[in-house]
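Asker: Put the two chains together into one complex; each comes in its own frame, and the hints tell you how they fit.
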Amino acid sequence: MICAHGNLAHELLNTLKFITGGEGSVTAIALDHNLDIARAREAVKEAVQAADEGNKVLIATDLYGGAPSNICMSLQDELPIEIIAGVNLPILIKAVSLQKTCDLETMAAKLKEYGRENIHLASDFLKRKDDKSGNNH
Amino acid sequence: MGIHARVAFQLAETGRQFKSDILISNDMGKVDGKDIMEILTLCAGPGTVLKVESDGVDEEAAVEAIVKMLKSVNGS
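Protein chains in written order, with my numbering: chain A, 1 to 137; chain B, 1001 to 1076.
Isolated chain B (complex conformation) (with noise of 0.2 Å):
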């Protein structure tokens, strides 16, 4: 099964505290990082593998900040 809503909502809600466009993408699609619905869609289940794209001023701290919470998220 795909990625818990809560943490859906958390991960949309770390990416809306930046400027910078973010996309996360699978195999299931690209989406829009900082978008409830769209991250839902990924159906990301535990072992999937994100990748996190960030475009504009503060795009590394948006990564940086979107890798971290999916790390605490998965337990490492």
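Chain A on its own, in the form it takes in the complex (with noise of 0.2 Å):
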């Protein structure tokens, strides 16, 4: 399930099904910067229970310390929960193959250092490829 603040959580979900071809168990919950706490935590909740398939949920959140992830960490007594902050599309993206393969606890450390490791400068890439070609800047 990802989480994050403003419309982020289904722009995030929507681009996902578009790579994906709509793969994987993956829902979106978007909390609004207005929502007061109490509303936010149920609809969190709600949100999670739905999407329990009775393995656990895994929250993808944008920002650590930020509400959502703040909303959700707050609910990790009461709910079957882990939560990654940071949420990127790789981690997404690597999260459709691994539900099929991983527990929850294996796929969670899987997709930290997934979504870290996929983070590239594309002028790295353009200087392999000079280097390949034997051009110089």
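Derived from the structure by calculation, the hints contain no laboratory data.
Wrong hints could be hidden among the right ones.
Below, a list of computed lysine-lysine pairs in the DSBU-like style, where the Cα atoms sit at most 35 Å apart [unchecked claim]:
no., chain 1, residue 1, chain 2, residue 2
1, B, K1019, A, K17
2, B, K1030, A, K110
3, B, K1068, A, K17
4, A, K45, B, K1030
5, A, K17, A, K127
6, B, K1051, A, K45
7, B, K1068, A, K110
8, B, K1051, A, K17
9, A, K45, B, K1068
10, B, K1030, A, K17
11, B, K1051, B, K1068
Answerer: Okay, here's the thing in structure tokens:
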């Protein structure tokens, strides 16, 4: 389940579905900036209960320490969840394939590393390509 | 520009059906053919020549499936 500020969660989900052809079991919940905390907590509880297929729910939030993360973390003792904060598309794409083969704890640890490893500088690749072709900048 | 993300996902999913290791390469490098993010780093746009290698119990079927999938994307 993706949980983020504004409409980010739904936009990430739409993009994920476009890339994966709709594979995987991923949902999204938007937390409006103006939503009060009690209602936000209830909205997250309902969303988790709807998403839970009996194997706990991994919640991917946008920003550690931001309201969506804090609200989810406040529910950690009440709900069968793990939270990964700092979601990106590589994490979500990888989650679609890991869902079939991993338990949630293993998946969460792998996704944390995968999300970090797949942040790249384009100039590093361009330099690699130039080095291979004998060009120099 | 490189390969479309959707195609890269389909390619990786095709590879994951097989037990064998799969490597795909071009002049940008050699990558794990079962990982979408690695495939995307090949920047494999139209006309790029890709080399597909496989090692394992179902290596021939793996190469055949990957090549078939790439050809279907290329329209040939």
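Asker: Against this structure, judge whether each hint is valid.
Answerer: Verification of the supplied hints:
1. About 26 Å separates the Cα atoms of K1019 of chain B and K17 of chain A, which keeps this hinted pair within 35 Å; it holds.
2. A hinted pair counts as satisfied when its Cα atoms are at most 35 Å apart, and K1030 of chain B with K110 of chain A qualifies at roughly 22 Å.
3. Taken as a hint, the K1068 of chain B and K17 of chain A pair is honoured in the structure, with Cα atoms around 24 Å apart against an allowance of 35 Å.
4. A threshold of 35 Å between alpha carbons decides the hint, and for K45 of chain A with K1030 of chain B the separation of about 44 Å lies outside it, so the pair is violated.
5. For the given pair, K17 of chain A sits about 32 Å from K127 of chain A by alpha-carbon distance, which is consistent with the 35 Å threshold.
6. Distance hint between K1051 of chain B and K45 of chain A is unfulfilled; the C-alpha atoms sit about 48 Å from each other, more than 35 Å.
7. Our distance criterion of 35 Å between C-alpha atoms is met by K1068 of chain B and K110 of chain A, whose separation comes to about 30 Å.
8. Note on K1051 of chain B and K17 of chain A: the hinted pairing holds, with a Cα-Cα distance of about 29 Å set against a maximum of 35 Å.
9. At most 35 Å may separate the alpha-carbon atoms for a hinted pair to count; K45 of chain A and K1068 of chain B exceed this at roughly 45 Å.
10. For the given pair, K1030 of chain B sits about 27 Å from K17 of chain A by alpha-carbon distance, which is consistent with the 35 Å threshold.
11. For the given pair, K1051 of chain B sits about 13 Å from K1068 of chain B by alpha-carbon distance, which is consistent with the 35 Å threshold.
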